[in-house]
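J.: Build the full structure now, drawing on both the sequences and the hints.
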Amino acid sequence: MARRDKPIPTGRVRRTARVGGLVGGQAAKAYANKARNLTRTEERRREANARRQAEAAEEIVEVLGSMKGAAMKVGQVVSFMDPGGLPPEARERFQAKLGELRDSAPSVSFDEMRKVIEQDLGDDLEDEFEQLDEEPIAAASIGQVYRGRLRDGREVAVKVQYPGIAQAVRADLQNLGLILRAARRLVPRLDAKAMAQELRERVTEELDYEHEAQSQRAFARLWRGHPFVVVPGVVTELSRERVLVTEFVDGKPFEQVKRLPQPERNRFGEIVFRFFLGSLYRNAHFSGDPHPGNFLLLGDGRVAFLDFGMTKKVSRQQVEEEMSIARAILANDSGELARLLVEMGVLEPDDPKVTPDALLDYYNDAVEWYRDDREVRLDQDYVGRLMLEAGDPRSRHWELIKRQTLPPEALLARRMEALTLGVLGALDVSANWHRIACEWIYDDPPQSELGRAEADFFARGPSTGRRAGKARPDRSARSNRGTRSPTATGPAG
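When we follow this note's numbering, the leftmost residue of the sequence shown carries the number 1, and every step to the right adds one.
Quick caveat, the hints were computed from the structure, so don't treat them as lab data.
Each hint should be verified, as a subset may be incorrect.
Unchecked claim - DEER-style ranges, computed between Cβ atoms:
#1 E375 - R44: 38 to 44 Å
#2 T236 - R36: 56 to 62 Å
#3 L298 - Q262: 47 to 53 Å
#4 L298 - L38: 54 to 60 Å
#5 E42 - E264: 40 to 46 Å
#6 R36 - E118: 53 to 59 Å
#7 E42 - R114: 54 to 60 Å
#8 P408 - R154: 39 to 45 Å
#9 R224 - E264: 22 to 28 Å
A virtual CB, placed ideally from N, CA and C, is assigned to each residue, including glycine.
T.: As structure tokens, then:
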């Protein structure tokens, strides 16, 4: 871990100055590059733009990554959004630099973190821990994680909040406009207004580890005994507002999983898909932070999911509305699709510039990867194209996309789905994603080994799904493009 022991700037003036300098510098360089492009050939312009994007990524990573707090959280969100339109080598540099926000976050010294632990627990470390390693095993936007052992012999993970991070986050929440302007230099399609609302609601919740402990306990109860999902239990008696102690799990991290043979990666990818999207569409309670640092492949083939600081419960009505949209797409019913989107507030009623056929065409493109009843391979190139079509100014659907409004209550779910798709693309995995999705949409019987094992698990416990079953559309009513399902870019676009 690099850049150790640098203090986190917490005052609004200092943090505003850093972000303001970043935004101003980025704008000046962008204008200079645009001016020079006037005398360049098309090929030279593309090369120059690719270099500018890569340089911008490095600069934004350095500033947002060193600040932590809400600023770094914005950077983490951006790091999973493919900018699209870049040559493969430029995109790889872009993602590699942004990946530092996930994998190489700055550290705070153990002496400083020890003070936080002892202040919150009200005891010396030695009174509660037989051992606590001084080197963190993970560092994130608002805290670090240490491995330890309790006096009773239990191996634990100890998540500790950075000192002063609460003040830093409050300053960032006041500076959201500047921070999001910096992020939009990399991802022009970023919805700044919606992102600001999400950050204000969710980042504040993340500061309270007692809130996270409550969420993790709920997930651990729901998934306890599951055949391939593990959620570590919480050591409630040692968890506080700035300290969270959980069971320790050890396994292969994401970078090692990426090097496994194709069948093993496919299995891992299906588990990730089932956990994140299944939590939403089956349980109406999901984790909104699916990045690679939050899951491990255990030695017995199960996958452990970590970090429940950003979770959300949604109403069954909201889930049903989204499934209704999915079923309208499956049936190629453009009129019903348009009606539902207006009812949900996604579209203005009687918008003369939006036609039902254009809507159906857009959603068919957005859900392509698990629209058809066939195996689909997800790699970064394919996912990048999907992201471009679903929400990029270069998309042929852009004028229609701009006329849609994502309801605030659906924002975190859409983010989760898009980031899950990004993770699957980074894994380069294949599956019949359509058949998995239809388990939620229509309560279809599972077709994969993992699906059958999961169905048996949920059949033994309290019902959490929509178990009444849904009528499938007449296949003869569908176009020759095949069956349709919702997408990780979201039924609401």
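J.: Checking against the hints above, which ones are violated?
T.: Of the numbered hints, just 3 does not hold.
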